[in-house]
Amino acid sequence: MSQESEPQVVGVKTAWLVWIVPLVALLVGGYLLFKELADRGTGITVTFIDGSGIEAGKTPLVYRGVAVGQVEEVHLLDDLSKVEVIARLEKSADAIAVEGTHFWVVRPKISPSGVSGLETLMSGIRIALQPGSGPPARHFAGLEDAPSRGSKGLGRIFYLHAPHRGSVQEGVPVLYRGVETGEVVSVSLSRDATQVLFEIVIDEPFAELVRPGTVFWDAGGVDLKLGLLGAKVRVGSLESILSGSVAMAVPPDSTDLAPSGDGTKFELYPEPEDEWLEWNSKIILPPGKAEDDKPDVSEENGS
Amino acid sequence: MLQARSRTGPASGLAWTLAALGFFLAAALLPVLEVSKAGRSGTASIFVAQTGLEATGMPLLGWLAGTLVVWLPVLAMLLLLMVNLAVLLKWRWSGLGLAVCLLLFARKWSMTEVFLLAVLVAFIKVGDLADTHPGPGLWFLAGGALMLLSALQRIDRDDLPALLGEPSSRSQPTSVMGSVAMLVAALILLVPANFLPIMEIQVTRGSHSSTILGGISSLASGGMWGIAVIVFVASVLVPIAKIGGLGWLIWLSRRQQGSRGAMRIFRFIDFIGRWSMLDIFLVALLAGLIRFGSLARVSPGPAAPAFAAAVILTILAVDLFDPRLLWQKPARVR
Numbered sequence: 001m002s003q004e005s006e007p008q009v010v011g012v013k014t015a016w017l018v019w020i021v022p023l024v025a026l027l028v029g030g031y032l033l034f035k036e037l038a039d040r041g042t043g044i045t046v047t048f049i050d051g052s053g054i055e056a057g058k059t060p061l062v063y064r065g066v067a068v069g070q071v072e073e074v075h076l077l078d079d080l081s082k083v084e085v086i087a088r089l090e091k092s093a094d095a096i097a098v099e100g101t102h103f104w105v106v107r108p109k110i111s112p113s114g115v116s117g118l119e120t121l122m123s124g125i126r127i128a129l130q131p132g133s134g135p136p137a138r139h140f141a142g143l144e145d146a147p148s149r150g151s152k153g154l155g156r157i158f159y160l161h162a163p164h165r166g167s168v169q170e171g172v173p174v175l176y177r178g179v180e181t182g183e184v185v186s187v188s189l190s191r192d193a194t195q196v197l198f199e200i201v202i203d204e205p206f207a208e209l210v211r212p213g214t215v216f217w218d219a220g221g222v223d224l225k226l227g228l229l230g231a232k233v234r235v236g237s238l239e240s241i242l243s244g245s246v247a248m249a250v251p252p253d254s255t256d257l258a259p260s261g262d263g264t265k266f267e268l269y270p271e272p273e274d275e276w277l278e279w280n281s282k283i284i285l286p287p288g289k290a291e292d293d294k295p296d297v298s299e300e301n302g303s
Numbered sequence: 001m002l003q004a005r006s007r008t009g010p011a012s013g014l015a016w017t018l019a020a021l022g023f024f025l026a027a028a029l030l031p032v033l034e035v036s037k038a039g040r041s042g043t044a045s046i047f048v049a050q051t052g053l054e055a056t057g058m059p060l061l062g063w064l065a066g067t068l069v070v071w072l073p074v075l076a077m078l079l080l081l082m083v084n085l086a087v088l089l090k091w092r093w094s095g096l097g098l099a100v101c102l103l104l105f106a107r108k109w110s111m112t113e114v115f116l117l118a119v120l121v122a123f124i125k126v127g128d129l130a131d132t133h134p135g136p137g138l139w140f141l142a143g144g145a146l147m148l149l150s151a152l153q154r155i156d157r158d159d160l161p162a163l164l165g166e167p168s169s170r171s172q173p174t175s176v177m178g179s180v181a182m183l184v185a186a187l188i189l190l191v192p193a194n195f196l197p198i199m200e201i202q203v204t205r206g207s208h209s210s211t212i213l214g215g216i217s218s219l220a221s222g223g224m225w226g227i228a229v230i231v232f233v234a235s236v237l238v239p240i241a242k243i244g245g246l247g248w249l250i251w252l253s254r255r256q257q258g259s260r261g262a263m264r265i266f267r268f269i270d271f272i273g274r275w276s277m278l279d280i281f282l283v284a285l286l287a288g289l290i291r292f293g294s295l296a297r298v299s300p301g302p303a304a305p306a307f308a309a310a311v312i313l314t315i316l317a318v319d320l321f322d323p324r325l326l327w328q329k330p331a332r333v334r
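Line by line, the protein sequences are chains L and W. Residue 92 in this note's numbering sits at position 92 of the first sequence, with consecutive numbering throughout. Residue 329 in this note's numbering sits at position 329 of the second sequence, with consecutive numbering throughout.
To be clear, the hints were calculated from the coordinates, so they are not data collected in a lab. A portion of the hints provided could be inaccurate.
Said to hold, decoys possible - Partner residues are not named here, just some residues of chain W that face chain L (Cβ under 8 Å, in silico):
#, residue
1, 175
2, 177
3, 178
4, 184
5, 185
6, 191
7, 194
8, 195
9, 237
10, 240
11, 262
12, 263
13, 302
14, 306
From the three backbone atoms N, C-alpha and C, an ideal C-beta is built for every residue, glycine too.
Construct all of the structure, not just a fragment, from the sequences and the given hints.
If you want it as structure tokens, here you go:
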């Protein structure tokens, strides 16, 4: 800096040369400002119901394990109904600011259906996201929890009902022959409070298994029957003892029927009939999507 | 009169210079500041002014800071040694004039005391990022800086022309237009310097970049009012006051309205300029100290070189302005 500004110039004719210094300053200063503005990513706002743990200047936005932005400001909406988070995305992650992108807060969570987000105990909470594919957008409504499989559009939603919740919880898997085919998304009381409603999502290739006649039962826990002729113990897999699961079976005479559509209701039985366990229906499953195409949110919701 | 001072001056000047050299050597070998965080620790010597910025991607700025904090004071001490010896032993040597010119330059641009203030501010500012302890080198550096000051004062302004063998004159050519040009350039650079982040702080929980004003407000909101005021005065008030003040003086000189008061203002502006480098040294210190991998890291932002350049330009602007214009009939004003 100093060498360019040493004026050896005293003569009137060359005195103007000293104005090169402000010119250089203008160019350098302008370049610095321009570069900063050009490198800035898109600013977005996301609203959440619960803002606990979100800190301005600290909480990162994470996608596929990589920070793609940062929270710049957190404040309440004027009507106090929600928390508004103003975040700035990295320049390379601008494609995230499109309609259909889901944002949710990852907090450490220990529940019967699994442990998730433990690393956030150390590193502080983060905001995870699932990019959408709509037109560009700036304002988003955040989800309170990781999006369920259904909201990703990768499965079919069905409803089960039972007089009692049993051991079925939100997030427990739906098994077919012990293979996970979907999960219970929500557990709630029916509108007239006479039944418990379970919303389940069956992943796409396995949704073919759900057709008229398909039966569902609560496969969690240990079932012990004592009779005159002896005792009978039925035990699921270890994980289903701990956290419960829903099992399903397809009767042989259903193989010719068309698969059920979205939203079909089924009964959830407390236990299977012996016959169901012996059903051996042959159903050709359509080829599943390639693994790469499945958005990796399993790490985020841990269930 | 001159004879009498020359006899006691050079001898004690020599003593002070040697002492300062010794203290600087000790300061160079011992850590000035020690920090530790989560079992990891780091130390900073005086060279951190240079290495801190070099290691975080700003080698040119690092060299500038290193020159101002370490190399120019060392050069000043070596030249003092030479000049004092020359006076004491009555050498008449043609290179002496150049040596004195260089000495004046080194004295003008040595900023060890500003670095010391930066260490103090860093000491408090790091507080919430890591544990900080002053190292033994800090006391040696403070002592060395004081002794250098003392040694420099033994060389009287009046002695130098005698040594140089020419009437008192400024070593640099002066030009009002040059001064105005530097001021304009500094003003332009202050815009990115204040709007862009001067440093980026990365901690486990994310990163944030802070501008000069942002850093000051975070200090103030953290209850560290004293430090906030110091940084505000050094980084915001002084550059603006300098540009405004010198601009006003130039305007006065053109209207031939100089006065004793204006002269005093000029002296004051000349004195305060260097303290603005505080923020650059602070960033260098933090960048050099806070290097704990993913735990905590500080790196300089794009505002740092812009700010450093603006400060250098204001100092040059003051240099280029001939204060005699404030009381003399302007002969060469263009």
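Hint check results:
1. For residue 175 (chain W), the suggested interface contact is upheld, since its CB lies about 6 Å from the closest CB of chain L, less than 8 Å.
2. Taken as an interface hint, residue 177 (chain W) checks out: its beta carbon lies about 6 Å from the nearest beta carbon of chain L, inside 8 Å.
3. Given hint, residue 178 (chain W) at the interface with chain L, holds; its Cβ is 4 Å from that chain's nearest Cβ, closer than 8 Å.
4. At a threshold of 8 Å, the smallest CB-CB gap from residue 184 (chain W) to chain L is about 4 Å, leaving the interface hint in force.
5. This hint holds: residue 185 (chain W) has a C-beta 4 Å from the nearest C-beta of chain L, less than the 8 Å allowed.
6. Given hint, residue 191 (chain W) at the interface with chain L, holds; its Cβ is 6 Å from that chain's nearest Cβ, closer than 8 Å.
7. Given hint, residue 194 (chain W) at the interface with chain L, is violated; its Cβ is 11 Å from that chain's nearest Cβ, farther than 8 Å.
8. Nearest Cβ of chain L to the Cβ of residue 195 (chain W): about 7 Å, under the 8 Å cut. The hint holds.
9. Here the hint on residue 237 (chain W) is broken, as its CB sits about 21 Å from the closest CB of chain L, past 8 Å.
10. Checking residue 240 (chain W) against chain L: minimum C-beta separation of about 16 Å lies over 8 Å; hint violated.
11. About 23 Å separates the beta-carbon of residue 262 (chain W) from the nearest beta-carbon of chain L, more than 8 Å, and the hint is not met.
12. For residue 263 (chain W), the suggested interface contact is broken, since its CB lies about 23 Å from the closest CB of chain L, more than 8 Å.
13. Given the 8 Å rule on beta carbons, the hint for residue 302 (chain W) holds: about 5 Å separates it from the nearest Cβ of chain L.
14. With its C-beta approaching chain L no nearer than about 6 Å, residue 306 (chain W) sits inside the 8 Å limit, and its interface hint holds.
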